[in-house]
Amino acid sequence: MVLPALVMFVVFGVVPLVGVLALSFTEWDGLGPIHPAGLSNWRSVLSDPTLLHSILVTFEIMILSWAVQTPISLLLGTFLAGRQRYRAFLAVLYFIPLLLSSAAIAITYKALLDPNFGLGPGLHLDFLTQDWLGQSNLAVGVVVFIVSWQFIPFHSLIYQGGVRQIPTTMYEAASIDGAGRVRQFFSITVPQLKYTIITSSTLMVVGSLTFFDLIFVLTAGGPGDATRVLALDMYKRGFMSNQMGPASVIAVFLVLLGLALALLLRRLGGSTTASQQEGA
Amino acid sequence: MASGTTTATRSTSTATRPARGGPVRAHKLLQLNWFGGAAGWVWLGIVLIPLYWIVVTSFKDQGDYFTQNPFALPTAPTAENYRLVIESDFPRYFANSVIVTAGTIIPAVAISFMAAYAIIRGAGSRFLAGVNGLFLMGLAIPLQATIIPVYLLIIRMHLYDSLLALILPSVAFSIPLSVLVLTNFIRDVPKELFESMRVDGATEWDMLRKLALPLTRPALVTVSIYNGLAVWNGFLLPLILTQSPDKRTLPLALWTFQGQYSVNVPAVLASVVLTTLPIVLLYAIGRRQLLSGLTAGFSR
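Keeping their order, the protein sequence lines are chains G and X. The opening residue of the first sequence carries number 1 in the working numbering; numbering runs sequentially from there. The opening residue of the second sequence carries number 1001 in the working numbering; numbering runs sequentially from there.
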């Protein structure tokens, strides 16, 4: 019974995964015949400063969006864990951004942040009237903001589920000992959620490697190369410059990065799993 | 469910501590969290302001858009933008998206369910454990990174520029998460139920259909919605694997429409509203399933 899923996943998942490594040693323009090229793609990509730049931008966006999303999601998740009706209602509304496609979101924010006709000039607010997508630092900030806008609701819900699994007795014992709410949050909620934090962080970090659609529609990697993350670098080399070999090298980097990050986070989680399960 | 909790809070926390304070009660001590409350309302604003702006602007004509306060209601609401969008072939793109989404989630969920069932029932089998490990690895790998070989594969299968070219890789990409969530749920079905059915002479297929299927229905709905969203909103596969306008799905159509009418922001926003509306309607119907299934799937 496992076979149909296995076959599909092998053909369109595992074979391409191996294929991407194979293609990184070939020369192919995407249409014509494929020629072996030895190590030349690797040599040219590794000596190309855009690679390092793309990796740095990828990490910058990954780390910033993690650092913005995690505390807010934790806070909102704890808040949503209360069972009052209005909180359930808020959760329903929070979720809406997740229903929109990244393309739709990018198009919306492009119009919203337009320096001439966007929200800033429309409301005569100077701090909102900036060339948001035309300046490197601002553009990176905008990407991080939009990613947070889109995904914080999702992570809040994960934390909501986690908080609801924390036994009440822990909070009762803490309040008998005179611990206040803030203290309870940091001494009970956060440590008890360690495993949930790892799950959510893994999803955030690995997910950030695939912010292709959003950035492609929003800035197409610009201004200059300011938001050219690895996924975009791969697309541009492969499908715009028709150099599938070098693009495959970038893809190999993406795969390795995803695996390495997932394993790293798993290791971080490993030591805490046992105690968490004991508690829950 | 929520009624009565407010008044009960104080008394229970001072009374004798309940021996088994189940997770259900966690909320009682989480009330009056004013900081979280403030954050909750601020976040609501952050979520709703852009959405409100999209909707009001989509009903404005261009004159109003350039001169009016962005949050003001249109002086003369117009459906002209929507007419333009619909006349720009959006019904066809909509149909394409429906075909690709349904064509993906039905087989994807079916084969993932079978795989999850086999993995749980065959616990102990080295082969199945290996297969499960393979699927789990798929979660850690950004599958978009495999797009170039997928593109090559699709060309060699002579499927380039067809809707099937979008469906096949989408099915494969949905498997890892679906299997993960579904195995979590099938694992919760008591083993005794399987045993008693087997004693009555049921085959594995009978058990899958009559026992596992009904008991995991909420999970199946969740997984379907979740994958459906990902496919409906997918952008990279249509961008790379199709070419002709009549094969476009909605996100790609949005992007090209925006390229064509970039000056006409109200029309562009009307296209955003139209492509999102069906999802929002489905969400209004199925949200309980989605939200509860989501937390159950990930918060373990």
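It is possible that part of the hints are untrue.
Said to hold, decoys possible - When the alpha-carbon atoms are kept at most 20 Å apart in a straight line, the in silico EDC-like pairs for lysine to aspartate or glutamate are as follows: (1) Lys110/G to Asp1188/X; (2) Lys1210/X to Glu1195/X; (3) Lys110/G to Glu1195/X; (4) Lys110/G to Asp29/G; (5) Lys1210/X to Glu1192/X; (6) Lys1210/X to Asp1188/X.
Just so you know, these hints were derived from the structure itself, not from any lab.
How the hints compare with the structure:
A threshold of 20 Å between alpha carbons decides the hint, and for Lys110/G with Asp1188/X the separation of about 46 Å lies outside it, so the pair is violated. Restraint check for Lys1210/X and Glu1195/X: satisfied, since their Cα atoms lie roughly 13 Å apart, inside the 20 Å limit. With a CA separation close to 58 Å, the supplied pair Lys110/G and Glu1195/X exceeds the 20 Å bound. Of the pairs offered as hints, the one joining Lys110/G and Asp29/G is violated, with about 32 Å between alpha carbons and a cut-off of 20 Å exceeded.
As the CA atoms of Lys1210/X and Glu1192/X are separated by approximately 15 Å, the hinted pair is consistent with the 20 Å bound. Simply put, Lys1210/X and Asp1188/X have alpha-carbon atoms about 16 Å apart, close enough for the 20 Å limit, and the pair holds.
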